[in-house]
Amino acid sequence: MSEPIRVVPLYGDVMNVYADRGNLLAVQHRAAERGIEVVVLPASLGDPLPDGADLVLIGGGQDREQQRIASELAAHGARLRDWAAEGVAMLAVCGGFQLFGRWYRDGDGETLPGAGVFDVTTLASGPGQPRCVGDVLAASALADVGAVVGFENHGGRTYLGPEARPFAIVEFGWGNNGADGTEGAIYNAAIGTYLHGSVLPKNPRLLDHLLAAALTHRSGRQVELPALPSPVAERAHEAAAAVARQRGFPFLGLAR
Amino acid sequence: MSSPLRRRAALVAGHLAGEATRRLGRGGGTALPGLVAGSLAPDLVENLASLPGHGLVTVTGTNGKTTTTHLLAEIARAAGMRPLTNRSGSNLERGLVTAYVDAAGADGAVSGAEDALGVLEVDEAVLPTVFVRLKPRAAVFLNLFRDQLDRYGEIDSVADGWARAIESAQPPPTLVLNADDPSVALLAERATGRVITFGIDDTTVALKAAEQASDARFCICGHRFTHDHIFVSHVGHWRCTACGRSRPTPDVAATRVHLDADGSDIEVRAGDEIATLRVPTAGLYSVTNVVAAIAAGLALDVPLATSVAAVSAAGPAFGRQERFAIEGRQVRVWLAKNPAGLNEIARALTAADRDLYLLAILNDGIQDGKDVSWIYDADIEHLAGRIAALTCSGARAEELALRFAIAGVQGVGGVEATTVTPHLHAALNDAIWRVPEGGTLDVVATYTAMIEVRGMLAERAGVAAYWEQAR
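First to last, the sequence lines map onto chains H and A.
First residue of the first sequence? That's 1 in the numbering used here, and the numbers climb one at a time after it.
First residue of the second sequence? That's 1001 in the numbering used here, and the numbers climb one at a time after it.
Hints are computed from structural coordinates only; laboratory data are not their basis.
Predicted model only: the values in this text are computed from it and were never measured.
Warning: the hint list may mix true and false statements.
Residues on chain H that point at chain A, a partial pick, calculated with CB under 8 Å [what the hints assert, rightly or not]:
hint, residue
1, 17
2, 19
3, 21
4, 71
5, 153
6, 179
7, 233
8, 235
9, 239
10, 240
11, 241
12, 246
Note that beta-carbon positions come from the ideal geometry of N, C-alpha and C, so glycine has one too.
Just chain H, with the same shape it has in the complex:
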């Protein structure tokens, strides 16, 4: 590989309430294992977006933090949508996923504009509606990724628009809204998900998928990574899957 891949953590110092920086650590660690060079170009409040990116990461935040970044993120929307259209890899988690949708209506009834990368909309939980909290085991729509594990903790209910595809179908857990069985969304190489915090460390195939997509974007040709086992991560994946099967709530709704 000639050029290092450009990893852009967005609002990493604001949108990090659920350990989302674990995803950046995992990218750096796995890239080093594979001999892939990485340059990290963080952009936060008041910063312009860098000239280009191969992998964009954004995490979750509380309502207050989401309100703080929403308008600025929406102003970056056109660039982000262009990037997604040209195949930049993205991982938007929880609150970041919500704000990468078309809009988010928060607990105060205020509608926050989104970046519009995904054709999804989100409503804050209504009175008496529980938060969606718990272990998740889901079958991803990506052939090279397979099962994904994680933990979700969100009040908002996200609904897919006609152009959105689900990232995964929930086996254990709530998913996007607790009703339709979908988890997250995919558009091109961009992935949105409610699996927060340590989603990339303990889902090594998803991590490799995003790295391959970032390299593909960087080099302009389809890149397939050579097989490289990650036994420690695979064991953590299996252990988390076992926990979800044991105490997660099995999803009984109809998946679309």
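Got chain H sorted already, so can you dock chain A onto it with the hints?
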């Protein structure tokens, strides 16, 4: 209102429930007695409030509650009061009622209440529901960090709950506030009574760089805080350049701090008075707990010299840097339950100029936090070059091993650094035998793991179980 007779019957029932759990070997009975008694007489909390002759002090915050409560109880004792406390971090409403059951004899009667001072640690999310009923004379607020978000929801809602509780409490309690934590210090704006602040003035112990898990980045006015010095997370010397709010000058301050591997030597200023003392537990957070307890003593009009003598002589609280001698090794137990706490422990561990032997235990029960993602918010990278041997255990041992692998923990001298042993008995043996004789094993554990491993250590070292220890 339940009748005095009904209350007394409830206390007797609670007492019996506690006896039964202990005899069945089902733990210390720190919650069940309160549950039983509370269901028979729901107003026991209100009644508890009016019981101690010297009134009642609450201690809340994310980290340091148990230790600060323990230190304040020692201060009260030294000042001639009889502390009435809840035990072993049993800080939900049922734990508070258990404290009442414990104070009562087997016949349900409380004697000597006129000399008593209630010193109760209260869970940060439970505080708003009990604060007004407890009618505290003083209330200590330590800090507010992200912790068990799967249980508490968002951090902001915890802070809002505290503010509302303070505004509703009558008569207004003296607030004892951490000047260094803006989430806590700004509660002074809601105070209608006296406010006493505490903090660390010595900036030589500040961090060189900010940590990842910073939880209060923005002022009430919406502007981003400026930190001239950071001690942990968002705690330090802060100010807002937009509205002019800033860290108050603490009434009780650690003016000089010298940290070492086992504790620290500090100078404390309270008003015009200055004292020096040895803090017998490691880490800067131990210093904060000490100045918090001294400030709370000030709120109770305890002289500085009395407080200083009491905290210097106090042993560690349950499972908080307690030491055990086993197989010719020293074993020290650390409770880690959130990123800020783990960061402070990592920092205290690296203060020792030696290779580290660690047993790290990650459980995912309700009291630990079912979501274990938080380990990625702790900067355990600092430990990476220092670990000679690491045993990972607990319900999520594999996840912990992965976190340490990503942090770059590698073996020293060709020995595999990390072993993964979910079964705790085996893990403890593995960890102990990897330490050279005469060396120290540091056990870092989440809450339920700490209870479990401490039980094993106490048994092997011949120490009494926690419910048999004098309070």
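Hints violated by the structure (numbers, ascending): Violated hints (numbers, rising): 4, 6, 11 and 12; every other hint is consistent with the structure.
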